[in-house]
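Protein chains: 2
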Amino acid sequence: MYKAGLHILCEIHSTAQDKTSEVKKWHTFMQKNIQKYDLVQVGESLHQFDGGGYTAVHCLTESHIAIHTWPEYNLVTFDVFLCNYLKDNHILVERIAAEIVTFFSGEIIQQHNIKR
Amino acid sequence: MYKAGLHILCEIHSTAQDKTSEVKKWHTFMQKNIQKYDLVQVGESLHQFDGGGYTAVHCLTESHIAIHTWPEYNLVTFDVFLCNYLKDNHILVERIAAEIVTFFSGEIIQQHNIKR
Numbered sequence: 000m001y002k003a004g005l006h007i008l009c010e011i012h013s014t015a016q017d018k019t020s021e022v023k024k025w026h027t028f029m030q031k032n033i034q035k036y037d038l039v040q041v042g043e044s045l046h047q048f049d050g051g052g053y054t055a056v057h058c059l060t061e062s063h064i065a066i067h068t069w070p071e072y073n074l075v076t077f078d079v080f081l082c083n084y085l086k087d088n089h090i091l092v093e094r095i096a097a098e099i100v101t102f103f104s105g106e107i108i109q110q111h112n113i114k115r
Numbered sequence: 000m001y002k003a004g005l006h007i008l009c010e011i012h013s014t015a016q017d018k019t020s021e022v023k024k025w026h027t028f029m030q031k032n033i034q035k036y037d038l039v040q041v042g043e044s045l046h047q048f049d050g051g052g053y054t055a056v057h058c059l060t061e062s063h064i065a066i067h068t069w070p071e072y073n074l075v076t077f078d079v080f081l082c083n084y085l086k087d088n089h090i091l092v093e094r095i096a097a098e099i100v101t102f103f104s105g106e107i108i109q110q111h112n113i114k115r
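Protein chains in written order, with numbering that gives the first Met the number 0: chain A, 0 to 115; chain B, 0 to 115.
Source of the hints: derived by calculation from the structure; they are not laboratory data.
Certain hints may be false.
It does not matter which identical chain is used: a pair holds within one copy or between any two.
Claimed, not checked - Straight-line Cα separation of at most 35 Å, DSBU-like style, residue types lysine-lysine; simulated pairs:
id, residue 1, residue 2
1, Lys86, Lys2
2, Lys35, Lys86
3, Lys31, Lys2
4, Lys114, Lys23
5, Lys114, Lys18
6, Lys23, Lys86
Looking at chain A on its own, in the form it has when it is part of the complex (with noise of 0.2 Å):
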């Protein structure tokens, strides 16, 4: 039978300017957090913006982690969604979330949990 995942949309405020607007910076934070968490890549896609933010996906076993960013409005939207095939990762989903405000030094705005 299928157990539903968590999947964490959540929207922060970050004026960390090198963090919203470098892709390498997050790639290198996100590479270790994956590794923390003993998470397996199967893919990812980065885009560094023009002048502007990026947009990066890691594609996981366990589903998906996605993330844009706008520094022109101190804005990152981002989503956490890890499955539960394995094991229940509903804990690791708030984790690897709080881990990127974090990041950011962001406060949230809008945080929406769904289980699916």
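Dock chain B against the given chain A, drawing on the hints supplied.
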């Protein structure tokens, strides 16, 4: 000022095993849609699981489309998120979500529409 976009998260039941199992069919379908709706893809990541479903993410200048299939459960979870940076994409998000449901001959189990 940032204009919030629409993010549709949807879970569907689908017995179209060829479409839930073969990432190539999804890829062809999604590339046609990206062209049809004048979206701009800036990256993608597709992964076919051994003996199972697939995960695919398409990064767009307008945000992203993500999908995870579970043929063993006749289940598909997908996300369509388009921001409103250059124009209002709300109707387009709904159209693409509907196209995906039709592609899989799917029945909607759960859907969330989130403005973010």
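These are the hints, each one checked on the structure:
1. In this homomeric assembly, Lys86 and Lys2 come within 35 Å of each other (Cα to Cα) only inside a single copy, at 9 Å, whereas the closest approach across copies is 37 Å.
2. Proximity of Lys35 and Lys86 under a CA criterion of 35 Å is satisfied intra-copy only: 17 Å inside one chain copy versus 39 Å between copies.
3. For the homomeric pair Lys31 and Lys2, the shortest alpha-carbon distances inside one copy (27 Å) and between copies (32 Å) are both at most 35 Å.
4. Proximity of Lys114 and Lys23 under a CA criterion of 35 Å is satisfied in both settings, with 31 Å inside one chain copy and 28 Å between copies.
5. Taking CA atoms no more than 35 Å apart as the test, Lys114 paired with Lys18 passes in both settings, with 29 Å inside one copy and 24 Å between copies.
6. In this assembly of identical chains, Lys23 and Lys86 lie within 35 Å of each other by CA distance both inside one copy and across copies; the values are 31 Å within and 29 Å between.
Hint compliance for this structure: no hint is broken.
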